[in-house]
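Q: Chain residues, written in single-letter form:
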Amino acid sequence: MFPNIIFLWIFGLIIVLISYYFDKEKTKNGVKKGLKIFKGLLSPFLSIMVLASFLLALVPPEIIEQYLGSNSGILGVIISAIIGSITLIPAFIVYPIASELLRRGASYMVIATFITTLLMVGVVTYPLESKYFGKEVALVRNVLNFIAAIIIGFAIGVII
Amino acid sequence: MKKYLKEYGFILLFLVFGTVSYFYNYNFGMNVSNVFLNMFIEMISFIPIVFILVGLLDAWIPSQKFQKYMGPDSGVKGTILSVVFSMFQAGPLYGAFPIVYILYKKGASVKNIFIFLGCFSALKIPMLSIEIGYLGIEFTLARTLVAIPLFIIIGYIMEYYLKNKDFKITDPTEVKS
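Each protein sequence line maps, in turn, to chains A and B.
All residue numbers for the first sequence refer to our numbering, where the first residue is 5 and numbers rise by one.
All residue numbers for the second sequence refer to our numbering, where the first residue is 77 and numbers rise by one.
Hints listed in this document are in silico derivations from the structure and should not be mistaken for laboratory results.
What you are looking at is a predicted structure, and each value in this text was computed from that prediction instead of being measured.
Backbone N, C-alpha and C define an ideal beta-carbon position, used for all residues, glycine too.
Be aware that a few hints might be false.
To be verified - Computed beta-carbon distance windows for the label pairs:
1) B/Pro124 to A/Ile93: 45 to 55 Å
2) B/Val152 to A/Pro48: 15 to 25 Å
3) B/Leu81 to A/Lys139: 41 to 51 Å
4) A/Val63 to B/Gly167: 26 to 36 Å
5) B/Lys182 to A/Asn33: 20 to 30 Å
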């Protein structure tokens with residue numbers, strides 16, 4: 005956790021400095037815009053965190069370990085894949101919850117599957133997607149992505 | 077003032093709940109506050125720099141330059157460009173559909189369109205940097221390295237599947253008018 009954050013800040017500040025060196029005006033505008041986006045997202049972000057805090061305080065770690073831990077096996081992965089596919093939550097809101105679940109005994113395979121399906125498969129957005137690609141193509145894309153998401157989840161579970 | 081109260085009222089209420097819990101030694105309330113405090117510290121310690129990067133990305137990346145090189149004859153170069161171009165984006169998956177429509181209009185190949193869409197959904201740099209902060213660089217690296225080949229395979233499958241079909245991408249906002 006800690007080294008990652010330091011890495012991000014160093015990486016980020018180097019990018020800002022390089023950008024500033026090449027174009028002061030662009031850099032100022034970019035930073036301003038970024039902070040504006042952050043300000044806009046802060047309130048929904050914090051609200052979700054409050055709700056998640058209540059949920060996590062209510063559910064004992066043993067339950068999390070039983071259903072989302074490494075012993076939950078295929079069932080845990082399938083459940084997380086289905087929930088990930090049908091929910092539509094911005095990923096950046098899910099990461100704090102995912103990291104908290106990992107700390108409480110959830111397995112990497114389950115969390116990875118949940119995140120990948122959340123990102124790649126969109127049941128809720130399927131109607132919108134069909135309008136662009138047609139019903140059949142949108143369905144095929146989602147099914148292929150669902151399979152890929154599960155492969156990625158398993159691979160991460162094996163690697164980490 | 078009213079606007080801020082509406083936006084942050086819920087969080088303010090929660091802060092009151094947390095403080096009162098500590099005063100009265102209310103266990104459950106203290107537990108909830110601790111979980112929240114941990115999440116908050118974690119978030120505020122690196123999320124600002126991520127959004128500064130998002131803003132910079134937006135200011136620097138001209139999207140028109142990429143589109144030209146993603147056509148049917150673009151080969152490996154087009155594939156690589158599709159991956160890279162998608163990573164320099166931000167926003168949710170449904171935000172990708174209008175971009176994909178423009179790519180299609182500009183003559184990008186079916187394969188590259190679906191590679192772009194896949195990588196857009198899962199490998200945007202702003203998102204990856206948030207992921208590194210929360211889940212660690214090993215997690216993100218593993219996910220990225222496994223995902224890229226899979227998305228390229230999906231691109232090929234889609235191209236094969238749509239070869240003899242009359243595939244079109246339509247813009248639903250245009251149909252209405």
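Q: Indicate, hint by hint, whether the structure satisfies it.
A: Against the structure, the hints come out as follows:
1. B/Pro124 to A/Ile93: 45 to 55 Å: violated, 21 Å
2. B/Val152 to A/Pro48: 15 to 25 Å: violated, 41 Å
3. B/Leu81 to A/Lys139: 41 to 51 Å: holds, 45 Å
4. A/Val63 to B/Gly167: 26 to 36 Å: holds, 31 Å
5. B/Lys182 to A/Asn33: 20 to 30 Å: holds, 27 Å
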